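K.L.:
One letter stands for each residue in the lines below.
Number of protein chains: 2
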Amino acid sequence: MHFMTALRAAWQRNDSLLCVGLDPDPARFPAHLEHRPDAILEFCTGIVDATADLVCCFKPQIAYFAARRAEDQLEALITHIHAQHPGIPVILDAKRGDIGSTATQYAIEAFERFGADAITVNPYMGRDSVEPYLAYGDKGVILLCRTSNPGGSDLQFLDVGGGERLFECVARLVADEWNASGNCGLVVGATFPKEIACVRELVGDVPLLVPGIGAQGGDIAATVAAGRASDGTGLMINSSRAILYAGSGEGYAADARRVARETRDAINRHR
Amino acid sequence: MHFMTALRAAWQRNDSLLCVGLDPDPARFPAHLEHRPDAILEFCTGIVDATADLVCCFKPQIAYFAARRAEDQLEALITHIHAQHPGIPVILDAKRGDIGSTATQYAIEAFERFGADAITVNPYMGRDSVEPYLAYGDKGVILLCRTSNPGGSDLQFLDVGGGERLFECVARLVADEWNASGNCGLVVGATFPKEIACVRELVGDVPLLVPGIGAQGGDIAATVAAGRASDGTGLMINSSRAILYAGSGEGYAADARRVARETRDAINRHR
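Order-wise, the sequence lines are chains A and B.
Just so it is clear: in the first sequence, position 62 is 62 by the working numbering, and no numbers are missing.
For the working numbering, count along the second sequence from 1 and bump the result up by 271.
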């Protein structure tokens, strides 16, 4: 299924703009998972199964798997999501960016090896570094635009002429050129609601992936007010640590479900 | 050993500014390697052993391994280089870029899991996305600046104020701030010799990794003239495909050696 079709259906079916980010850090796992060879997979499937009816998508962050030689567990996790929760799209958060021939290899990694429905991509190297992902047609390509971290301002906030800032230029390139097939999204941090509004103004109803609520300090009400599309959807508001580590005992998945539901409902109160 | 110490020693010992890029594409391997389970490792170690006395560094590109579920072969390859060719630094070409907590995981992947001596990093997310790599101290951190691909101009060439272009701003940030410990380098494409000269002017003797000669069309004489540091070194001039696929038979490694030697010598004629 096309990523955008699945995303729209999940927004409706689960009445949710919440994306649960899967950033598994074994140092924070409940004690009963310690020393299990597939602890990362077990932890993540526990979270996924407890929250799948509350989210519009899941977003595993590949670095947390790669740092622990656990690519096989990432493969198994995405297979599990597709098998057990069909229709919930999976965004591989990889932020890749390279020349076309190499980007082709990264696209194989994300879409064919891991079976992701969408990938995050860094725009610094320009159009031909993005095309191999766009060429898949039914996959989502979510470009970094205005990121939620403090250093995001170092380059993204520079004035590139006529008062346009670099992140706005990226949003405009995506809206005017790269999104010709309707499979692009943009990453805009919740820590900068004014810039979310700028981007929404530039890109129409293009979906925005918004990290930065919870641990990073972004405000839900401001995010929703600034970022919702004309029909009240258009957002994938990501929360990772606040949900994953809501509890630290054997009931961690139930704790995650409680916080995921509270977060979804808090988002919905502002739509 | 500190990446910069190893690089300087290799420049001298091998009288070489050549970096051999390891972008293994099984579709182009010699027939005798077909159907071997560790064909990628065998192909690459053949290239490495045939060229190690002609290079200043090796640069494996992680996407070519990840697309084929061959991270174990990448680990084995870097272990092989360090064991058989001590003193030749290995740059993991990964172009990672993410918020600090995630960058910490990517740094573990590159430096602890794979044992790389340096990594390429995308600067789009700014300073705190680079710090976890810098924190290793003895590892090299090579920031994308002016890339060799056509789309490189889409963002990197934008005027960010006072006639300064985005790639020059990155070079200045590295020279003035991020390189405080002397472990940074920059990627500047051989397809843009005027911009190589701009960057060299901005960063003093900071090493430049220069892809784009050979298959991508960059000129060796212009690259060396524009990019050499005050002592005639300062460059890691990358060639991948022209060396890896110089031959297509059982003698592919000897063919690679011949082209690597010709390329090294062509570079040296212009120093």
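The hints are simulated quantities; they were obtained by calculation from the structure and are not laboratory data.
One or more of the hints may lead you astray.
[As the list claims (entries may be wrong)] Estimated spans, in silico, between C-beta atoms of each pair: (1) A254(A) / D476(B): 35 to 41 Å; (2) D159(A) / R340(B): 28 to 34 Å; (3) S181(A) / A492(B): 50 to 56 Å; (4) A27(A) / R279(B): 45 to 51 Å; (5) A492(B) / E112(A): 36 to 42 Å; (6) R443(B) / A254(A): 34 to 40 Å; (7) E177(A) / S519(B): 46 to 52 Å.
[As the list claims (entries may be wrong)] Computed list of chain A residues with no C-beta within reach of chain B, every gap over 12 Å: (8) R96; (9) T147; (10) H270.
[What the hints assert, rightly or not] Not the full set, but computed from the structure, chain B residues with beta-carbon under 7 Å of chain A: (11) P301; (12) H303; (13) L304; (14) L312; (15) A338; (16) G368; (17) N393; (18) E435.
Just so you know, these numbers come straight off a predicted model, no measurement behind them.
We treat Cβ as the ideally placed atom computed from N, Cα and C, and that holds for glycine.
K.L.:
Of all the hints numbered above, which does this structure not satisfy? Sort the numbers upward.
P.N.:
1, 2, 3, 4, 6, 7, 8, 9, 11, 12, 13, 14, 18
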